[in-house]
Amino acid sequence: MSLEQFIENFTDLFDETDPDTICATTRFKELEEWSSLFALSVIAMIDEEYNVEFRGDDIRNSTTIKDLYDIVKSRVE
Amino acid sequence: MAKITFHGVGIKALSACVPSEIVYNKDLGYLIPEEEIEKTISNIGIEQRRIAAPDVTASDLCFKAARRLMEDNQIAPESIDVLLFMSQTADYRIPATSCLLQQRLGLPRETLCFDISLGCSGYLFALSTAFAYASMQGINRVLLLDGETFSKIVNRRDKVDWPLYGDAGTATLIEKGDYGDSTFMLYTDGSGENTLKIHAGMRNPITPDSCVEREQEEGNIRNDLEVFMDGMDVFNFAISKVPKSIKLLLKETDKTIDDVDYLVFHQANRFMMDFFVKKLKISPDRVPYCISKYGNTSSASVPLTVSSELSGQLDGSHTVVMSAFGAGLSWGATIMQMRDCKVSPVIEY
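Protein chains in written order, with this note's numbering: chain A, 1 to 77; chain F, 1 to 349.
Hints are computed from structural coordinates only; laboratory data are not their basis.
Beta carbons: idealized from backbone N, C-alpha and C, even for Gly.
Do not rely on the hints blindly, as some may be mistaken.
[What the hints assert, rightly or not] Subject to a maximum C-alpha distance of 25 angstroms in a straight line, what follows is the list of computed DMTMM-like cross-link-like pairs (lysine to aspartate or glutamate):
no., chain 1, residue 1, chain 2, residue 2
1, A, Lys-29, A, Glu-48
2, F, Lys-241, F, Asp-254
3, F, Lys-251, A, Glu-30
4, F, Lys-241, F, Asp-224
5, F, Lys-247, F, Asp-285
6, F, Lys-278, A, Glu-8
7, F, Lys-39, A, Asp-15
8, F, Lys-278, A, Glu-16
9, F, Lys-278, A, Asp-15
10, F, Lys-251, A, Asp-12
11, A, Lys-66, A, Asp-20
12, F, Lys-244, A, Asp-47
13, F, Lys-281, A, Asp-57
14, A, Lys-29, A, Glu-16
15, A, Lys-66, F, Glu-218
16, F, Lys-279, A, Glu-49
17, F, Lys-26, A, Glu-8
18, F, Lys-39, A, Glu-4
19, A, Lys-29, F, Asp-258
20, F, Lys-293, F, Asp-81
21, A, Lys-29, F, Glu-252
22, F, Lys-26, A, Asp-57
23, A, Lys-66, F, Glu-38
24, F, Lys-241, F, Asp-285
25, F, Lys-26, A, Asp-20
26, F, Lys-247, A, Glu-48
27, F, Lys-241, A, Glu-53
28, F, Lys-281, A, Asp-67
29, F, Lys-279, F, Asp-230
30, F, Lys-247, F, Asp-181
31, F, Lys-39, A, Glu-8
32, F, Lys-247, A, Glu-49
33, F, Lys-279, F, Glu-252
34, A, Lys-66, A, Asp-12
35, A, Lys-29, A, Asp-15
36, F, Lys-39, A, Asp-57
37, A, Lys-73, A, Asp-12
[Unchecked claim] Which bits of chain A does chain F cover? Going by a derived footprint, with three or more residues having C-beta under 8 angstroms, they are:
no., stretch
38, 23-37
39, 49-55
Construct the complete structure from the given sequences, taking the supplied hints into account.
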C-alpha cells in the first residue's frame, strides 16, 4: 500500500474540504469537516480498502494522516 | 459456534407499541452546534424518537403491544404456556418483570415466566429461546415481550447516545405449526465489555456518588448509572462482524442474498445499515428501515421494524433474515421461512 493512495482514499471522504489542502502531515482533527461521526467514515474506508480493523483508540491516538497510515500499514503487513 | 436449527415452530403474530411523546433531533441545539445538526441527522438517519413518560416503563409498552396482539389474533390467555420478557430496563431489580406481566395479562399460574437481559442483540437470543421452548413437548405457545426505555438510562447531555436512542415495546407470538426451518447463529465476545457499559451495579456498588453527573470524554455528561458507549469501537465491531455473520449464515443454509425477501437489521444508525447493505450487495428495497421515526430502540428495534414496515406484507411465505448486535459484545443472525405472520401496525401508548 502507498501513502499517496491512502491520502487519496482519505481525501475522497470529504465533501467540502479542498483536496489540495490535505497532505500526510495534515492534522485531520483540526479540519473544519472533521467530527466524531466523520471518524466512522474513516473506519469504514479502512475496512473496505485495506480489510483492517480500526478502533476508536487508533483514531484518538493519531494526529496526522501519516499516523493513521502507519497503523493501517503495520496491520496489513 | 452456536448454530441452531428448528423445525415446525415459527412466528404466528407480532405487534409493537411506542410512547406518544415525540422528541425531534432538530431541537438538539443545546447539545450539538446548530450548523452540524442537519449533517448529524442525515448521517445517523434519525429525525425523531419516542420517549416514555417518567411513569411509563418498558413493560407497560410491552403490555399494550401484547394486548393488541392477543385481540387482533383472538389469542386466549390460557393458551400461552411460556412468557419471556427481554429487557435491560426492567421494572424492578427484584422480582422479574415477566412475573408481573403474567398477572397483568391474565395468564394462568401454570405459565412459565422469566426475564432475559442482553444488549441490542437481545431479540435474536430471546427469540431462539422462545423457539427452543416452543419445540419442546408440553409447550405450544410462547409469548416473547421485548421492550426498552433507554431514555431512562441515557443522559440528555451525552451527545454520543442521546440523539440515537428511543423507547418501544413489542410482542411476538411463537408457536408450533406448519413452519419450515429456522436457523440461528449467535456469537459472544466478552473482551469488548467496556465498549458499551453502565458502570454502577454489583461490581461497582451504587453509592450517592453514583448519581453525581460528571463531565466525561469530549464534554459528554453522565453519571455512573447511565450508559456509556464508545461509538467508534461499536462501529468497528459491527462492520467487522455483521456482514460476515450474515454471509456465513446464508452459506450454512445453502442460500444466497438473492433468496432473502427481507433483511431486518437492528436499527443502530442509518450510516451503519447503509454500509451493511453496500457490503452485502442486497437490494435496498428488501431492507426495511424505521430508524428515522423511532431511532435506535435497542433490542426492540428488530420487531419494531417488522411491525412498522412489514405490517400486511408477510402474508404467504417469505424468507426473512434478522441481524442484531450490541453490548457484550454480542451479535447474531437468523434466517427463517415466515408463513402468514400477522403483523399488527405500531400503536401508541
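Of the hints stated earlier, which fail here?
-> 3, 4, 10, 13, 17, 18, 19, 20, 21, 22, 23, 25 and 28
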